[in-house]
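Visitor: Each chain, written out:
There are 4 protein chains.
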Amino acid sequence: MKRLGILTGGGDAPGLNAVIRAVAKVAGAEGVELYGFRNGYSGLIRGDYLKLEKQHISGLLHRGGTILGTNNRENPFNFPVEEDDNIVYKDMSNKAVDNLETLKIDCLIVIGGDGSLAIARELTEKGARIVGVPKTIDNDMQGTEQTFGFDTAVTTATEALDKLHTTAESHHRVMVLELMGRYAGWIALYSGVAGGADVILIPEISWTMENVAKKIISRKEEGKPFSIIVVAEGAKNPKGEQVVRETIEGSGDPVRLGGISHLIARLVETTTGFESRATVLGHLQRGGSPSPFDRILATRYGEAAARLALSGEYGKMVSLRNGLVTSLDFGDISSGCRTVPTNHVLVNAAKNIGISFGD
Amino acid sequence: MKRLGILTGGGDAPGLNAVIRAVAKVAGAEGVELYGFRNGYSGLIRGDYLKLEKQHISGLLHRGGTILGTNNRENPFNFPVEEDDNIVYKDMSNKAVDNLETLKIDCLIVIGGDGSLAIARELTEKGARIVGVPKTIDNDMQGTEQTFGFDTAVTTATEALDKLHTTAESHHRVMVLELMGRYAGWIALYSGVAGGADVILIPEISWTMENVAKKIISRKEEGKPFSIIVVAEGAKNPKGEQVVRETIEGSGDPVRLGGISHLIARLVETTTGFESRATVLGHLQRGGSPSPFDRILATRYGEAAARLALSGEYGKMVSLRNGLVTSLDFGDISSGCRTVPTNHVLVNAAKNIGISFGD
Amino acid sequence: MKRLGILTGGGDAPGLNAVIRAVAKVAGAEGVELYGFRNGYSGLIRGDYLKLEKQHISGLLHRGGTILGTNNRENPFNFPVEEDDNIVYKDMSNKAVDNLETLKIDCLIVIGGDGSLAIARELTEKGARIVGVPKTIDNDMQGTEQTFGFDTAVTTATEALDKLHTTAESHHRVMVLELMGRYAGWIALYSGVAGGADVILIPEISWTMENVAKKIISRKEEGKPFSIIVVAEGAKNPKGEQVVRETIEGSGDPVRLGGISHLIARLVETTTGFESRATVLGHLQRGGSPSPFDRILATRYGEAAARLALSGEYGKMVSLRNGLVTSLDFGDISSGCRTVPTNHVLVNAAKNIGISFGD
Amino acid sequence: MKRLGILTGGGDAPGLNAVIRAVAKVAGAEGVELYGFRNGYSGLIRGDYLKLEKQHISGLLHRGGTILGTNNRENPFNFPVEEDDNIVYKDMSNKAVDNLETLKIDCLIVIGGDGSLAIARELTEKGARIVGVPKTIDNDMQGTEQTFGFDTAVTTATEALDKLHTTAESHHRVMVLELMGRYAGWIALYSGVAGGADVILIPEISWTMENVAKKIISRKEEGKPFSIIVVAEGAKNPKGEQVVRETIEGSGDPVRLGGISHLIARLVETTTGFESRATVLGHLQRGGSPSPFDRILATRYGEAAARLALSGEYGKMVSLRNGLVTSLDFGDISSGCRTVPTNHVLVNAAKNIGISFGD
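Chains as they are written, first to last, in the working numbering: chain B, 251 to 609; chain F, 251 to 609; chain S, 251 to 609; chain D, 251 to 609.
Note that these hints are calculated values from the structure, not bench results.
Mixed in with the good hints, there may be bad ones.
[Stated by the list, open to error] Distance condition first, Cα-Cα at most 30 Å in a straight line; then the derived DSS-like pairs of lysine-lysine:
id	chain 1	residue 1	chain 2	residue 2
1	F	Lys-474	B	Lys-345
2	D	Lys-304	B	Lys-301
3	B	Lys-301	D	Lys-301
4	B	Lys-470	F	Lys-304
All figures in this text were calculated on a predicted structure; none of them were measured in a lab.
Model the full structure from these sequences, guided by the hints.
Guide: This is the structure in structure tokens:
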């Protein structure tokens, strides 16, 4: 074993740099070189990489984002190539595999989400030697109990809820916070419980505005004329409309906004008479320094991935199971998204302390 | 002197509770009672108040919001009154003055913004004994150098910028952060400089999309293919359109959103080809525990207001001038909004280190 | 079931109030009263309690400490009683059991550490109906995987390490941070990994100053003329001396200080020639608002404890096992302290990325 | 003008990097090179420097410490030189001046405290062209209203007080926090007011233990059986002993510890009977990311220093006066330390809200 490669794909998440650092530390201790490809698979195909040395790794543990850059649009199997001044999309996967050989990279470590790891699996079938590290702040990946970035996102969302509480209470308002989670409501569920939400709306649980209004009104009757609603961006709205669009005046061209929270705030006002305001937390959930938990999890993932790579166990993804870092074959990862079971222990506990899910 | 009153009006701001606490501490030391009216002037007119005792004040210094509640809609001179099952609006200002007499309140301390203090001035002309404390997180009030809540808002906005930086850098994106400031760009200016923004757009300085694009492109040419834009919500957009509206599908009913940031993000994409994303920080800027600076300023304001009240100097607002807390007559407060001079020292310093204001 | 009691014993930990809140919410939903005893078992024996109502619970989730007060000195089996102007120590355990009967408390929920739960077990043997909730920020209790307060303590310690890094690097110093952990090094281990420590010294692993110096010097040779050492207060020093004492000039009376970190800093200077400084984090680790993880864990513990109490399952402690909240009999809790196994997965991962444990 | 130099001297402070960045930005815009000397004046004498390029400056604004390194021991006028295997101390100031000429540095920017700027003044008298930037987290420098790093130190100390509050209240204890400030109590004064301290002890105000005890006892009588004491490390203790020393068992060799807080905690216990605990915040006050205020002040200082240098105004220090950044001649800086006047406005305000200074 002489040389490892590493790349980060998909949306950024706090902890990516901590994984890179851990891989580099293990590689360094074993006298193995580490090449970092820039901007996800693009760097692999374009041959854009740097040799990661000690000075690149210094001070990396607590930095958000990824020093390698990332890319969630360019897919090796459908890659944008310039031809006669036009962009055409081609299958460049052989180029990816060839470049690993040309650069004499014994194993490539891919840190990425569903999409990036599906590509890793396909490249593996073409002969590439790859170890995967799961990454999503949504915590909805199959094959692992928890992903780094999630705890940090929950912390950011909880701090936002703490801030909205003071305004809600002072103004007797209903504050609605929209969080990430297109298909799975993990961030909304965890930060909703941690931030003292009164209502949590997630894609997995059908809700009605009537039930939401009922909760708000019952709180008023108990002397609490304010409420906090947390909603995952993917929560279906009660009328089946999921997307709110804006038009810019004088344009007419619709653009997607966040949105479900704005709809809910308006419905709260019309159904309960309470003033209501929406906040879309958006990209703030991805940013910042990783929480201690995420730094540790990312470090463990990176260390485990490097050891797998060094011992020749390719075609696997590292995974957290019962608190231990283990691994499983790419082929054994279930497809689809790991959603919140409607009877999840935290959903039940939340209901027992009076939180409404609108159902 | 036997009894003081206190109320908080307008939008909540971090530090309101610290003012209340300081007033209560001074009153307590002087053996003077303190009545707190609930929900701004509403409590004064409706006779809704509580006697503030030691236990109400305990642990108040670091709490955001206001324990008295606030209200930025009900004006004593145009107050909603129920009559024959209808709401009619009446001048209830005499009732406000009378209630102060009936409750034997020697002086009322009003903590509020432009609107609340304009009302305080009018009530003073009707014979009420009032001392004012300026409050706005926007820092745009006449008659004082700084208001509490501003430093906290700048801190929250700066933390948001720190978070957006990691995503901007990792994804080579242009991130746009929309901050409060309808008429004055103080929050955008200060947090833009503190958060390392590349472009700051404020209502006071006319900007063009061409200049914004030029800055973004020149950064790319210097090897930095990402940028951060901070925009005050009131920054005029280059086409003169200031408001972005949404329509909810199947509804057609337009509702105001934040918005200018979404417009700018789209224009960045069309003019520069960079991916761009908008975040509206919104109510998060009002919330949370006040910064140490704001706790100290609020404490000084509260202490000074209580002393003015106790020494019979009514009809005045406490004010910060050259770092000292002083006071000025309600009549001597200039009208209008304290905006950012286009040649403000921090604007000039920002330009000298390469920040673009789009002009 | 008509009435529950609750008390908090031992050192305070972030999350105590979140447990109280969750118990109160479940009790409230079931129409059961909740009496809170003040200052641990003292309140039970002295009959010092309050009926917890909605207003006591409001805003409690994010508050550190315990609104009930706590006490880690007064033991019902050896309780200080005033007699003829003297304090004598008596077995007041029967009084404790009797008071529960007199107050018609169907079940008492005790939130506490080793000591408080050992007392709970003894009171159970005397007929008291008790449910226990484990608490220690050290995370060293038997019978549960994790206790609330630990994640917050690790977060505080990690933030401290982030701060010390900048000084270490700027001054080419060796900074030593002393953390809690008399018998178990969990806080030092977790925050050491999360905070990028170069050396971690814990009670479970024997270390020598030679090995510590070797690590510091090898870092210098790699171009990093600074290091961070994390040490648990209970780490045995290499000469077998564990306690550093101070004498106040002109007094001679020795008092215990933190200490091991000061000793190590001096030894670093004498053995390596590097400037070294010690910081004792001390009580800061106990304080502050609980982290989101701790708020959730505390909420789950409180909810589970209330359900156990309501369903008559007394004599049990709630417990986290494989991420699920379950319970076990007081009699089944192993004695002693849950220490860090010397081959713990995180110790091994830490060693693989180059962290020295001085062994 | 072709080339500037820059160095950082004395203890590190949050904001040093922000000054460097601002200088580099202005220099870059003017097409002037910038050389950074490593480790304070040592780098100047040893010829240890790097040319600061864009990549060194990226991401610097929010980083604590100094990328140039610092040194608070090596003085050009008494510099350690190796001779015949011995270290001898020599006047190397001519070497410093010569190196500036040899490297064709038109002006050197020195960021430092009292000591570093006194050296700058002496080098100026020898012909060096220097502009100074004041730096101390203690905020006690003559010639300027505020230094960067101070607001961050106050924020860190205030957060520590918020944490100690929960323990103080839960355990009915008196918590003592020892803060920096050997000669001036600014950090203790500001964070004491911001953090809700009950007693603030600073070097400038003589205090007695009797008065401290009186305050603690009067609080208990008002139903608050806990207190927070903030003490500057340089506060004279009532018996005239200022230093607490430790001996390590079996050694006898005394080493200076923090200490005054430990003495006070013990005296609190003996005079009032309250449990009391001390915490020494120490180096944590220097570390971490600068607050928004400090980032802005540091940026303004750096921008102003660069402009002074570029316009040939040497022999001056930038300075904050009435909120504006101006400058004054090295010769016009008063000697000594800027201490807290005993009738400072914040001292008076603090006393009016019931804070005791022990006098």
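Visitor: Please go over all the hints and tell whether each is borne out by the structure.
Guide: Consistency of the hints with the structure:
no. : hint                  : verdict
1   : F:Lys-474 / B:Lys-345 : 28 Å, holds
2   : D:Lys-304 / B:Lys-301 : 21 Å, holds
3   : B:Lys-301 / D:Lys-301 : 23 Å, holds
4   : B:Lys-470 / F:Lys-304 : 27 Å, holds
Comparing the model with each earlier hint shows no violations; every hint is respected.
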